[in-house]
Every structure is written in structure tokens, then in C-alpha cells.
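These protein sequence lines map, in sequence, to chains Y and A.
Residue numbering for the first sequence follows this note's numbering, starting at 11 and increasing by one per position.
Residue numbering for the second sequence follows this note's numbering, starting at 10 and increasing by one per position.
Hints in this document: simulated from the structure, not taken from any laboratory.
A hint or two may mislead.
Stated by the list, open to error - List of simulated lysine-lysine pairs, BS3-like, C-alpha gap at most 25 Å:
#	chain 1	residue 1	chain 2	residue 2
1	Y	Lys15	A	Lys118
2	Y	Lys24	Y	Lys322
3	Y	Lys24	A	Lys143
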Amino acid sequence: MNLLKLSWKYLTHKPLTTGLNVLLLALGLAIITVLLLVQHQFEKKMTQDAAGIDLVVGAKGSPLQLILSSVYHVDFPTGNIPMDEAIRLSRNRLVKQTIPLALGDNYQGYRIVGTNHDYLELYQADFSSGNAWNEPFEVVLGATVAEKSGMKLGDTFSSSHGISEGSHDHEEHAFKVVGILEPKGNVLDRLVLTSIESVWYTHDEEDEESEEQSEDHHERFHHEVTKTGFPQTDEDREVTSLLIQYRSPMAAVQLPRMINSNTSMQAASPSFEISRLFELLGIGVKILEGLAYVLIAISGLGIFIALYNSLKERRYNLAVLRAIGASRFDLLLLILLEGISLTFLGSVLGIVLGHGFLSVLASQNETGVGAGLEAWIFLPAELWIVIYALFVGLLASLIPAWSAYRTSIADQLTRK
Amino acid sequence: MLFFTKDLQFAYPGQARYHFQNISLEAGESLLILGRSGSGKTTFLNLLAGLLIPDSGEVVLDGVLVNSLKGVQADRFRGENIGIVFQKPHLLAPLTVKENLQMARHFSKKEGLDLDQLLDELNLSQKAHSSISKLSEGEAQRVSIARALVNKPRLILADEPTSSLDDENALKVISLLQNQAAKIEAALIIVTHDQRVKDQISNFIEVQAP
Numbered sequence: 011m012n013l014l015k016l017s018w019k020y021l022t023h024k025p026l027t028t029g030l031n032v033l034l035l036a037l038g039l040a041i042i043t044v045l046l047l048v049q050h051q052f053e054k055k056m057t058q059d060a061a062g063i064d065l066v067v068g069a070k071g072s073p074l075q076l077i078l079s080s081v082y083h084v085d086f087p088t089g090n091i092p093m094d095e096a097i098r099l100s101r102n103r104l105v106k107q108t109i110p111l112a113l114g115d116n117y118q119g120y121r122i123v124g125t126n127h128d129y130l131e132l133y134q135a136d137f138s139s140g141n142a143w144n145e146p147f148e149v150v151l152g153a154t155v156a157e158k159s160g161m162k163l164g165d166t167f168s169s170s171h172g173i174s175e176g177s178h179d180h181e182e183h184a185f186k187v188v189g190i191l192e193p194k195g196n197v198l199d200r201l202v203l204t205s206i207e208s209v210w211y212t213h214d215e216e217d218e219e220s221e222e223q224s225e226d227h228h229e230r231f232h233h234e235v236t237k238t239g240f241p242q243t244d245e246d247r248e249v250t251s252l253l254i255q256y257r258s259p260m261a262a263v264q265l266p267r268m269i270n271s272n273t274s275m276q277a278a279s280p281s282f283e284i285s286r287l288f289e290l291l292g293i294g295v296k297i298l299e300g301l302a303y304v305l306i307a308i309s310g311l312g313i314f315i316a317l318y319n320s321l322k323e324r325r326y327n328l329a330v331l332r333a334i335g336a337s338r339f340d341l342l343l344l345i346l347l348e349g350i351s352l353t354f355l356g357s358v359l360g361i362v363l364g365h366g367f368l369s370v371l372a373s374q375n376e377t378g379v380g381a382g383l384e385a386w387i388f389l390p391a392e393l394w395i396v397i398y399a400l401f402v403g404l405l406a407s408l409i410p411a412w413s414a415y416r417t418s419i420a421d422q423l424t425r426k
Numbered sequence: 010m011l012f013f014t015k016d017l018q019f020a021y022p023g024q025a026r027y028h029f030q031n032i033s034l035e036a037g038e039s040l041l042i043l044g045r046s047g048s049g050k051t052t053f054l055n056l057l058a059g060l061l062i063p064d065s066g067e068v069v070l071d072g073v074l075v076n077s078l079k080g081v082q083a084d085r086f087r088g089e090n091i092g093i094v095f096q097k098p099h100l101l102a103p104l105t106v107k108e109n110l111q112m113a114r115h116f117s118k119k120e121g122l123d124l125d126q127l128l129d130e131l132n133l134s135q136k137a138h139s140s141i142s143k144l145s146e147g148e149a150q151r152v153s154i155a156r157a158l159v160n161k162p163r164l165i166l167a168d169e170p171t172s173s174l175d176d177e178n179a180l181k182v183i184s185l186l187q188n189q190a191a192k193i194e195a196a197l198i199i200v201t202h203d204q205r206v207k208d209q210i211s212n213f214i215e216v217q218a219p
């Protein structure tokens with residue numbers, strides 16, 4: 011029997027009070043844990059996914075929407091832009107590299123992105139099997155898509171129109187899996203990548219039905235696709251957006267203004283739009299944070315009241331402890347230990363709850379932004395949560411502990 | 010002489026001064042302290058236990074001047090050498106019977122009694138792992154006696170140990186205290202106004218209100 015054990019026995023002797031206080035504290039800390047984890051991972055993911063992209067050009071509309079749809083593949087695209095205008099822009103001397111994207115279809119909620127091999131370069135994608143697409147309707151699956159759909163090399167599937175699940179299917183021509191990417195924890199994980207031509211042809215079939223099928227079918231669908239730059243075509247084609255890399259810092263000043271005022275397209279900067287997004291979300295985060303701190307303060311108060319009340323009941327017990335040899339300091343320690351073990355319990359439970367909540371959140375949201383959330387990584391900041399909680403416990407038990415320290419044994423024992 | 014006092018005086022702030030008569034005991038001896046309510050019996054006991062510091066005079070146990078000890082030193086000395094039995098048992102409710110005794114052992118660095126043997130002698134071995142709330146009053150008082158004995162004290166002080174017990178339990182408690190004190194060669198001092206105790210122990214002093 012030592013003081014730690016004794017303090018533990020006192021805590022478990024009143025399971026309801028102890029449980030309530032632990033739970034209150036744990037809830038507050040769980041909210042903070044979730045906020046920490048989400049904020050950390052979002053910021054990391056968002057910066058990582060936008061790395062190397064200086065500017066996104068697409069149809070006019072909301073710049074934030076353009077960024078969300080073309081860089082993070084979460085929102086609806088703003089529309090399409092004519093390809094000749096896009097090609098003209100790519101020849102501008104301020105532009106170092108342009109990657110065109112053609113969006114609009116999905117497979118089981120995973121977006122199909124028509125692009126060229128530069129897009130794979132941009133994210134330094136590695137293949138776990140197979141290789142990149144060479145012909146129309148050949149696709150490369152992101153790691154998550156491959157894992158969840160269970161598709162392997164050589165498998166075929168047909169896409170659905172639109173960017174969310176449940177729209178009508180394009181059944182005319184099936185896509186064929188020729189490559190699967192290694193998981194990198196970035197946006198590629200949940201994308202189906204293919205050539206721009208594939209996306210075009212899928213939609214051509216829709217419009218033309220099957221008029222001139224068999225003759226030029228072979229010739230149209232079995233040629234080499236463009237690996238870099240824009241596809242060669244004589245028709246009036248459209249793409250959804252362009253990811254642009256600047257040649258010089260000067261471009262950041264001139265290019266967006268030039269595009270926004272002189273063309274039918276709009277330009278949006280990922281870093282600017284994302285900081286704007288965080289600003290917007292910031293209010294919600296602040297409110298949640300405030301709620302968490304209120305919960306923690308209440309639990310601190312609860313711990314204080316619980317200890318103070320139990321002290322009143324235990325005054326005689328404490329005096330007896332002194333009579334059998336405990337020093338004043340032992341009693342001080344006993345009460346502090348109670349407060350601290352209570353908060354330690356609460357903080358551990360809070361962190362577990364927070365991570366658990368996040369893993370539920372991540373598993374409920376497989377194709378959206380929440381999908382990449384890693385629930386079971388631990389941040390150094392979580393250590394601060396524990397320290398912070400212990401500090402609350404220390405603070406809450408300070409007055410009761412001091413009053414235990416000051417207890418006069420003789421007075422207490424004489425008062426019968 | 011194992012235990013003696015000399016010219017003990019004490020006054021609560023703003024109240025008349027108590028003058029306590031000198032007492033002395035050899036190992037194994039018993040002494041009753043009698044007196045009416047408010048006569049200062051408990052104050053005397055607190056002085057003997059070192060829970061109160063006398064204004065003047067000496068309390069000497071086993072050659073140590075008890076009232077000169079300070080802070081942690083005094084607490085440790087009390088834990089190891091003075092066993093106190095209170096009017097009510099005041100056991101620690103979250104702990105079992107045996108854990109209560111282990112707690113008392115925790116504060117002493119010197120060798121104590123074997124807990125199982127002690128519980129056996131006090132007829133408590135069945136209850137060793139019971140929670141305190143399941144004990145009868147007599148059993149609880151016996152546990153508190155065991156707690157006073159575990160560290161093999163040189164002096165056992167009992168404050169009205171029988172006042173809430175029936176005849177049978179009161180007799181048991183008194184003979185238990187006497188037997189155990191004799192066994193570990195401790196001096197035994199009982200504060201009481203209980204006639205049943207006076208029948209058992211003849212050696213007494215009477216405390217007068219100042």
C-alpha cells in the first residue's frame with residue numbers, strides 16, 4: 011500500500027463522480043485532439059497536393075471551387091474551357107509548364123481524370139504494377155481506388171457520367187486497367203487517371219450514338235495518345251482546367267491579371283485560395299476550440315468540487331492518517347495525486363476518443379477529402395494535451411491539497 | 010522507565026491552563042486516565058501522543074523527548090512508536106481490512122508484526138479482504154486496534170475505545186489491548202469513563218479540570 015494506490019482506491023471508491031469528471035475532461039480533450047489532427051493533416055495534405063502548382067486556369071466562376079475541383083478533386087468543376095485558348099496561354103513566355111485536365115466522369119465515386127504523363131511526374135508517382143497509359147481507354151488506378159474496388163491489371167470497367175456516384179453509366183466503351191500506383195498519401199490515391207482522349211471519346215459516343223462505328227472505330231480508339239502537352243486534334247475540343255507552373259516570379263504578378271481580364275478563363279492561385287478557405291473554416295474551428303476549453307474548465311471545476319467535498323468527508327480520515335505516521339506532505343501528495351491521476355486518465359481517454367472519432371470519420375468518407383485522414387498517427391502536440399490536462403488537475407487539486415496539508419490533527423480528532 | 014511525563018502544562022488560546030500530573034509506566038504496564046467530560050482527558054492524550062505540543066514540561070518515550078520532535082520526524086516517530094486507538098474506528102473506507110493495516114505499515118520503516126498472524130490473533134482472518142463497510146462495530150474496533158499494533162509501538166494510547174460497544178465487545182477489546190500490549194512489551198494508556206474498563210484495570214489517575 012502506498013500513496014498512489016491509496017489515491018487510486020479513493021477514486022475508484024466513487025466511480026460515478028470520478029467517471030463523470032473523467033468523461034467531461036476526455037470530451038474536451040477529444041475535441042482538441044480531433045482539431046489538432048485534422049488541422050495538421052489537412053494543412054499537410056493541402057500543401058502537398060498543391061506543391062508544384064502555381065496557378066490553376068479554368069472556366070469563370072468561383073476561384074475556390076476551381077482550386078477544389080482541379081487540385082483536390084472534391085468540388086464540382088466550374089465548366090470547360092476551349093482548347094485553342096488554353097494552348098495559346100501555354101505558349102506565353104511566363105509559363106514554364108502546363109498540364110491540361112479533363113474531368114467529368116467517375117467510377118464508383120472515384121474521379122476519372124484525363125491528363126498527360128506530366129501529371130504523374132508532378133506528384134512523382136511510382137507504379138506498384140503495370141505502367142502508364144498509351145492508348146485511349148487505358149487507365150491507371152490510384153492505390154486507394156485499386157484497394158477498395160479490388161481491380162487488378164487487365165480488368166475492365168465502365169465509367170459513370172458526372173463526378174459523384176449513381177449517375178448514368180457510359181456503357182459503350184470499357185476502360186482497361188494498365189497500371190496501379192503506389193500509395194503516397196496524396197490526391198492521386200483516390201483518382202483514376204487516363205488520357206484526355208479517353209474522356210473525350212467517352213462523351214463523343216454519347217453524342218454521336220453509333221453512326222459511323224465500325225469503319226474508323228479501330229483507327230480512332232487504337233492510336234498512341236499524347237504523353238505531354240496538349241493532344242493533337244482537328245476538332246473543336248475542350249478541357250476542364252490547366253495546372254500551370256511559372257517560369258519566373260514575375261509571372262505571379264502579371265499572369266493572373268492577364269488571364270482574368272483578357273480571356274474568357276479565370277486564374278486562381280492554390281496557396282491564396284487555400285489560406286482563404288482556412289480563414290473561412292477558422293471561425294468554426296475557433297468555436298469548437300472554445301467549446302473544448304469550456305468543457306475542460308468545467309471538468310477542472312468538477313474535479314475541484316469533487317476533491318473539496320470528499321475532503322470534508324475525509325477530514326477525520328486524514329487526521330487518522332497523520333496519527334498513524336503520515337506527514338503533512340504525504341497528505342498534500344495524496345490529494346494532488348488524486349487530482350492528477352484523474353486528469354491523466356481523462357487525457358488518455360480523450361486522446362483515444364479523439365483518434366477513434368477520426369477513424370470513424372475517415373471510414374465514413376472514402377472518396378472525399380476526409381478519406382486521406384490518418385486516424386492513428388500521433389503528433390507531438392498531443393503530449394502537450396496531456397501536460398495541459400495534468401496542469402488543470404494540479405490547479406484543481408491545489409486548494410484541497412493545501413487544506414489537507416493544513417489540517418490540524420489534534421483539533422480534528424478531538425471534534426467528535 | 011519506558012515512558013514518563015514531567016510537569017506537563019498546556020493552555021488553549023484564551024483559556025485556563027491545564028497542569029497535568031506526572032505519570033510513568035514500565036513496559037507491559039497499563040494505566041487508566043479517568044475524568045469527567047471537559048476535564049482535559051483528551052487534551053492530555055493528545056499531548057502524550059505528540060499531537061499537541063505542551064507549553065512546558067516533558068514527554069519521554071524510550072529515551073526520546075517526544076515534544077521536541079518536529080515535522081516529518083515527529084510524524085515518523087509517532088507512526089513507528091505510538092499506536093493510537095480512537096473512540097470510533099475511523100478506518101479508510103476504500104480499503105480492505107488488510108490494506109488498512111498495510112497503509113499503517115507504509116509510514117514506518119521499522120520491522121512490524123506479521124499481518125496475517127495479527128489478524129488471526131484478533132479473530133479477523135476471515136475478514137482480511139472484506140471491505141470496511143461490511144464489518145460490525147466490534148470487528149471495526151478490533152481492526153483499529155490491529156492498526157495501532159502493526160508497527161510494534163512502545164506506547165499504546167486508547168481514547169474511550171469501548172464507549173460505543175456492548176458489554177461483550179467492550180470486555181474483548183480491553184483484554185485484547187492488555188494482552189497485545191504485554192506481548193509486544195508496550196505501555197498501555199486508556200482514557201475512559203467506562204466502569205467496565207475500571208473493573209479490568211486497577212491502575213489509574215484522575216484528571217481535574219483547571
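>> For a C-alpha distance cap of 25 Å, please report whether Lys24(Y) and Lys322(Y) respect it.
In response: 15 Å, holds
>> Does Lys143(A) sit within 25 Å of Lys24(Y), going by the straight-line distance between their CA atoms?
In response: 17 Å, holds
> Is Lys15(Y) within 25 Å of Lys118(A), Cα to Cα?
Replying inline: 18 Å, holds
Of the hints listed earlier, there is not a single one the structure fails to meet.
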